[in-house]
Every structure is written in C-alpha cells, then in structure tokens.
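**Student:** With the hints as a guide, bring the two chains together.
Just so you know, the sequences run in chain order A and B.
Position 65 (the first sequence) corresponds to 65 in our numbering; numbering is contiguous.
Position 103 (the second sequence) corresponds to 103 in our numbering; numbering is contiguous.
Rather than coming from a laboratory, the hints here were simulated on the basis of the structure.
Check the hints yourself; a few may be wrong.
[To be verified] Using 30 Å as the maximum straight-line C-alpha spacing, the simulated DSS-like pairs for lysine-lysine come out as follows:
| id | chain 1 | residue 1 | chain 2 | residue 2 |
| --- | --- | --- | --- | --- |
| 1 | B | Lys-56 | B | Lys-68 |
| 2 | A | Lys-9 | B | Lys-108 |
| 3 | B | Lys-108 | B | Lys-68 |
| 4 | A | Lys-14 | B | Lys-105 |
| 5 | B | Lys-77 | B | Lys-105 |
| 6 | A | Lys-9 | B | Lys-60 |
| 7 | B | Lys-105 | A | Lys-9 |
| 8 | B | Lys-52 | A | Lys-57 |
| 9 | A | Lys-71 | A | Lys-57 |
| 10 | B | Lys-56 | B | Lys-105 |
| 11 | B | Lys-105 | B | Lys-52 |
| 12 | B | Lys-108 | B | Lys-52 |
| 13 | A | Lys-9 | A | Lys-70 |
| 14 | A | Lys-57 | B | Lys-77 |
| 15 | B | Lys-77 | B | Lys-108 |
| 16 | B | Lys-108 | B | Lys-56 |
| 17 | B | Lys-68 | B | Lys-105 |
| 18 | B | Lys-60 | B | Lys-108 |
This one's a predicted model, so the numbers in the text were calculated from it and none came from an experiment.
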Amino acid sequence: NAGVTQTPKFRVLKTGQSMTLLCAQDMNHEYMYWYRQDPGMGLRLIHYSVGEGTTAKGEVPDGYNVSRLKKQNFLLGLESAAPSQTSVYFCASNFLGRSSTDTQYFGPGTRLTVL
Amino acid sequence: GDSVTQMEGPVTLSEEAFLTINCTYTATGYPSLFWYVQYPGEGLQLLLKATKADDKGSNKGFEATYRKETTSFHLEKGSVQVSDSAVYFCALSPGAGSYQLTFGKGTKLSVIP
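The following block holds chain B by itself, in its conformation from the complex (with noise of 0.2 Å):
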C-alpha cells in the first residue's frame, strides 16, 4: 500500500538557519503531494501541495518540490524563525478520485533564538 517516509525529529535550529526535512513516498500512480504543520496545542493547516511530476509547492518561505525520479518531496526553508517551531508531516493523496491521505509519523522543528 501507500506509505510516507520523512525523517525522524527531534530538529532544533537556530533562528535564520536553513532547514529540510526529507520525505520519499511509495505509491502507485500519480499521487498528489502535501505538507501539513501543527502548532502547539493545534490541528493540521495545509502548508503547501504539489499535483504533479516537478510543481513546486510554496506558502510562507516554504518550499518542496515533487520529484517523481526519486519520488522524494523534501520540504525547505532558507531562513527559519522561531515562530516556524511546530510538527510538520508529509502526506499524500492517490489521486483519482481518492479522498484518503496517507500522513508520514511528523517531524517536530523547534527553532531557537
């Protein structure tokens, strides 16, 4: 079936330090990409998305961008702040149709001053 693989937390910056966080996926077809942040004591927002092979997903200096070849959609940031600390995961939706994500275990950021 489906899964999503990114990497294991904790990560702990310091404030204006470049950040990725790695996620493969492994699905068939054409699956849609997303990455969700959690806030301290919130729900999931939608960060940002990509549909297709090579789109770039962007929102708030957040960027990933789908790469089929090494089904990979790492999430990046050039200048971490502190008020970006949360819990990110990355999810996937099979496409056609599907309602059903698939999420990855979360990564929790926490960025220092």
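Excised from the complex, chain A in its bound form (with noise of 0.2 Å):
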C-alpha cells in the first residue's frame, strides 16, 4: 500500500495562475481531506469529502474548489493564485465507521509558493 500520495511535491506560481493538486488514495477511505499549514497557525481545514461526487467546505475555503470524481482521488484546485495561497498543503483520508476517533492518514505534502 502507498498509503496517501500528493502530486506534485513542489510547485512555484505566479500570482493568477491556476494549478491543480491531486491527492490519491489505496486504502479504500470514504473520507478525504485537504488542509493547509502555515508557520504558527497549525493545520486548517479547506474543504473535505464524505464520499464520492460529494464535498463541503471547511474553515478556510475560499479561493479553492475540489472535486471528488473517483473515490480514490481528491482534487484541489486553485483558479487564480495569491500570494496569500502560499502555503503547504496536506491530503488527509480515513475510514468513517461507527467511531468518530478513526485515525486521518496524511500525505507527504505539496509545497506551493505564489510570487
């Protein structure tokens, strides 16, 4: 098993450009996560997946959008980079059952800097 896997690691923009980060799955997780980690603010949550074609938004959605197409992928998009969209963004995923307290599986990262 890989486990989470995000592509690509590293990626620079310039401001107003748009990318797209992918984020894969193999453990057959119903739930996805992405979340973005910036020096002292610990990780917050942009937008998250209950299932397949199914997302909602977290604490800090704006400026993205994702889609769910296949169960085993999560898509991260950013139509019109900022500079304030620099960052290091993590994909998350977990097995929802009748616990709560099931443990998120997280990616390596991807590390985006808009100049």
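**Tutor:** Here is the structure:
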C-alpha cells in the first residue's frame, strides 16, 4: 500500500495562474480532506469529502475548489493563485466507522509558492 | 467553536530529559483527543489518542491522559531521544460522527545529544 500520495511535491506559481493538486489514496477510505499548514497556524481545513461525488467547505475554503470524481482521488484547484495561498498543503483520508476517532492518514505534503 | 491551545515552542531539550507539552481544549460535548507528530519533511502521523475522560493514550514511550475536569491532554515522555525531534500537534474531534479535526498550532521539539 502506498497510503496517501500527493502530486506534485513542490510548485511555484505566478499570481493569477491556476493549478490542480492531486491526492490519491489506496486504502478505500470514504473520507478525504485538504488542509493548509502555515507557520504558527497549525493545520486548517480547506475542503473535505465524505464520499465519491460529494464535497463540503471547511474552515478556509475561499479561493479553492475541489472535486471527488473517483473514490480514491481528491483534487484541490486554485483558479487564480494569490500570494496568500503560499503554504504547505496536506491531504488526509480516513474510514469513518461507528466511531469518529478513526485515524486520519496524511500525505507527505505539497509546498506551493505563489509569487 | 472548538479550539485547541498548546504551548508555544520551540522546545529544546537534552537527550534523556523529561518532556511535557501542554495542551488544553475548548469543546462542547465529549470530544476525542489526539496527538499527531510531524517529522521533518513529512506529513503528520497519529502518535496517540484518547476517546473519553480519564483514558490514557500511549505510544513509543509517549503518554497523554484525557482530563475532562481541566480540559487538558498534556503530552509526556520520560526520556527523549534525538529521534523525537519533530513538531507535535494536539487535536480534537467533536465526536458524534463528526469528521473534522481541530488542530493546535504545533510545538517544535529539538532534542540535542
């Protein structure tokens, strides 16, 4: 099992450019999440998905869109990148059973710089 | 809303020293509590968790006890190693089928030989 993988690992964009970050998991998890990590801010939830074809907003959704066309993939899009979106982006997934304490498994992160 | 407050770092300790990283939370209901660890250049990994009051989570020599009366979940280790150098995040899940984690800001630990 590869677990949770993210593509790309690094990216530099110019203001106004667009890009898509790909997250893939091979654990058959229903739930997937996108977080951003900024210095001194911890991790903040951008969007999440509770199953194929579903998405929902998290704490900081503005400027991002997501899609979950396949159960194993969760895409994060930036339509018009801004310097404020410079961050490290983490994808996570989990299988939610009866308990809400199921472990979230994280990918290795994508470091995005917007100039 | 829910929130997690953890001690600010960075924390620098000598090898074999005792570690405490404080974490307190604010939440309604009965949240579950977690400690995640992030090693340099990697994603987060679950270190330990506790799902109800007085539960003790433990893993790799780390421990934390869910204290409802003080709304705390402090992380402890009796003897740290250089390999424990990482950023540690306290987090909570509201429970009742919720899927969201609320994280603290993280505490960077450096252990020197």
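**Student:** Evaluate each hint against the coordinates.
**Tutor:** Hint-by-hint comparison with the structure:
1. Restraint check for Lys-56 (chain B) and Lys-68 (chain B): the C-alpha separation of about 12 Å stays at or below 30 Å, so the hint holds.
2. Between Lys-9 (chain A) and Lys-108 (chain B) the alpha-carbon distance is near 22 Å, which keeps this suggested pair within the 30 Å criterion.
3. Pair hint Lys-108 (chain B) plus Lys-68 (chain B) holds up; C-alpha atoms about 25 Å apart against a cutoff of 30 Å.
4. Only pairs whose Cα atoms come within 30 Å are accepted, and Lys-14 (chain A) paired with Lys-105 (chain B) is accepted, the gap being roughly 28 Å.
5. At most 30 Å may separate the alpha-carbon atoms for a hinted pair to count; Lys-77 (chain B) and Lys-105 (chain B) meet this at roughly 20 Å.
6. Annotation: proposed proximity of Lys-9 (chain A) to Lys-60 (chain B) holds, straight-line Cα distance about 29 Å (limit 30 Å).
7. Between the alpha carbons of Lys-105 (chain B) and Lys-9 (chain A) the distance comes to roughly 23 Å, so the proposed pair stays at or under 30 Å and holds.
8. Between Lys-52 (chain B) and Lys-57 (chain A) the alpha-carbon distance is near 28 Å, which keeps this suggested pair within the 30 Å criterion.
9. Of the pairs offered as hints, the one joining Lys-71 (chain A) and Lys-57 (chain A) holds, with about 18 Å between alpha carbons and a cut-off of 30 Å not exceeded.
10. With a C-alpha separation of about 22 Å, the suggested pair Lys-56 (chain B) and Lys-105 (chain B) falls inside the 30 Å cut-off, and the hint holds.
11. For the suggested pair Lys-105 (chain B) and Lys-52 (chain B), the alpha carbons sit about 23 Å apart, so the restraint of at most 30 Å is met.
12. Only pairs whose Cα atoms come within 30 Å are accepted, and Lys-108 (chain B) paired with Lys-52 (chain B) is accepted, the gap being roughly 27 Å.
13. The hinted pair formed by Lys-9 (chain A) and Lys-70 (chain A) meets the criterion: a straight-line CA distance of about 21 Å does not exceed 30 Å.
14. For the suggested pair Lys-57 (chain A) and Lys-77 (chain B), the alpha carbons sit about 37 Å apart, so the restraint of at most 30 Å is broken.
15. Between the alpha carbons of Lys-77 (chain B) and Lys-108 (chain B) the distance comes to roughly 15 Å, so the proposed pair stays at or under 30 Å and holds.
16. Proximity of Lys-108 (chain B) to Lys-56 (chain B) is assessed by CA-CA distance (about 23 Å); at most 30 Å being required, the pair is judged to hold.
17. Restraint check for Lys-68 (chain B) and Lys-105 (chain B): satisfied, since their Cα atoms lie roughly 21 Å apart, inside the 30 Å limit.
18. A threshold of 30 Å between alpha carbons decides the hint, and for Lys-60 (chain B) with Lys-108 (chain B) the separation of about 18 Å falls inside it, so the pair holds.
Taken one by one, the earlier hints fail for this structure only at number 14.
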